[in-house]
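Enquirer: Under my numbering, the first residue of the sequence shown carries the number 27, and numbering increases by one thereafter.
Keep in mind that the hints were calculated from the coordinates and are not lab data. There may be inaccurate statements among the hints.
[To be verified] Label-pair ranges, simulated between beta-carbon atoms:
hint, residue 1, residue 2, range
1, G138, A166, 30 to 36 Å
2, T190, V62, 22 to 28 Å
3, S202, T69, 22 to 28 Å
4, G83, P110, 27 to 33 Å
5, A287, E328, 26 to 32 Å
Where is the CB? At the ideal position from N, CA and C, for every residue including glycine.
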Amino acid sequence: MIRTIFAAALAAPLMLASAVAQDAPPAMTPDQGNVVYGMVSGTALLMDVYQPDLSRGIGIVVIPGSGWYRPELYSAPLLKDLAPRDYIRGAVHDLTEAGFTVFVINHRSHPGFHFPDPVDDARRAVRFVRASAESFGIDADQIGILGHSSGANLAAMTGVMDDTPGNGLDPIDQTSAAVQAVVTLAAPFDLVLDPENVSAYGAQTITSYIGEPWYGQDNWYEQRTPPHIAASPVTYVDADDPPFLIVWSPDDTIVPPNQAARMDAVMNEAGARHEMIETAPSGHEPVFPTDRVIAFFARELEG
Numbered sequence: 027m028i029r030t031i032f033a034a035a036l037a038a039p040l041m042l043a044s045a046v047a048q049d050a051p052p053a054m055t056p057d058q059g060n061v062v063y064g065m066v067s068g069t070a071l072l073m074d075v076y077q078p079d080l081s082r083g084i085g086i087v088v089i090p091g092s093g094w095y096r097p098e099l100y101s102a103p104l105l106k107d108l109a110p111r112d113y114i115r116g117a118v119h120d121l122t123e124a125g126f127t128v129f130v131i132n133h134r135s136h137p138g139f140h141f142p143d144p145v146d147d148a149r150r151a152v153r154f155v156r157a158s159a160e161s162f163g164i165d166a167d168q169i170g171i172l173g174h175s176s177g178a179n180l181a182a183m184t185g186v187m188d189d190t191p192g193n194g195l196d197p198i199d200q201t202s203a204a205v206q207a208v209v210t211l212a213a214p215f216d217l218v219l220d221p222e223n224v225s226a227y228g229a230q231t232i233t234s235y236i237g238e239p240w241y242g243q244d245n246w247y248e249q250r251t252p253p254h255i256a257a258s259p260v261t262y263v264d265a266d267d268p269p270f271l272i273v274w275s276p277d278d279t280i281v282p283p284n285q286a287a288r289m290d291a292v293m294n295e296a297g298a299r300h301e302m303i304e305t306a307p308s309g310h311e312p313v314f315p316t317d318r319v320i321a322f323f324a325r326e327l328e329g
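Please take these sequences and the hints and turn them into a complete structure.
Expert: Right, here's the structure in full:
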């Protein structure tokens, strides 16, 4: 197995400048802000909705990267706030310009919350969008998801996990969390840690997200699936998964390129549909392949 090699910088919000200059996209104001898509212990899970001028009737859930980390649950700037996030704002801008309705979400994060809470939130967001599809003017049966970095890990997890009901009793939690197309940008697909290849600081970051240290399969103290494996999209891949578009940069030092290679190998072995895009060297913000992403979502989600 290719072991994950995470740089220490994964602990910080992942907004590294790209090696390839990309024009800053225009400012964006959501058409609907702070939409409550769920409640956890009295705290609202929020999304912002960006609606196109001419809609295709297709919804895309977007999850920004953060290293799964925020010092407070909803500290400023909010995870879904696009103002300081040129990279993901550019993706949202391009998608809405192409006619997609975009839902940018917050989710629970460490140190206050751990896996699987952020995964549950991503899936809850899809359930909410599907249950509310008519009010948003989109097709409930054709929903895509896109994420960057840790957000791409959550998007991939949403794509590959079995479509089981949520933990709640309200009707939304009984709604399908399945997505029909997945785009990942600089995604960590395998969170298994090899202490010899990961700095103590980087390992501490992943451990903080998981909420437990890595023991390894041979000496896992309860003989259950180690959570680092359970939090890895590569664990769940099968031929029935929705199609993936995997975008990565060859000089990414935050999430190394072997992560994309690992997912490619696993999906090839499983017979899962996927496309790979290696961009020009651009660090942890791989050049956003606008035309390819739009064509991918249009092909997989329309009609």
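Enquirer: State for each hint whether it applies.
Expert: Hint by hint, here is what the structure shows:
| no. | hint | verdict |
| --- | --- | --- |
| 1 | G138 / A166: 30 to 36 Å | holds (32 Å) |
| 2 | T190 / V62: 22 to 28 Å | holds (23 Å) |
| 3 | S202 / T69: 22 to 28 Å | holds (25 Å) |
| 4 | G83 / P110: 27 to 33 Å | holds (31 Å) |
| 5 | A287 / E328: 26 to 32 Å | holds (31 Å) |
Of the hints listed earlier, there is not a single one the structure fails to meet.
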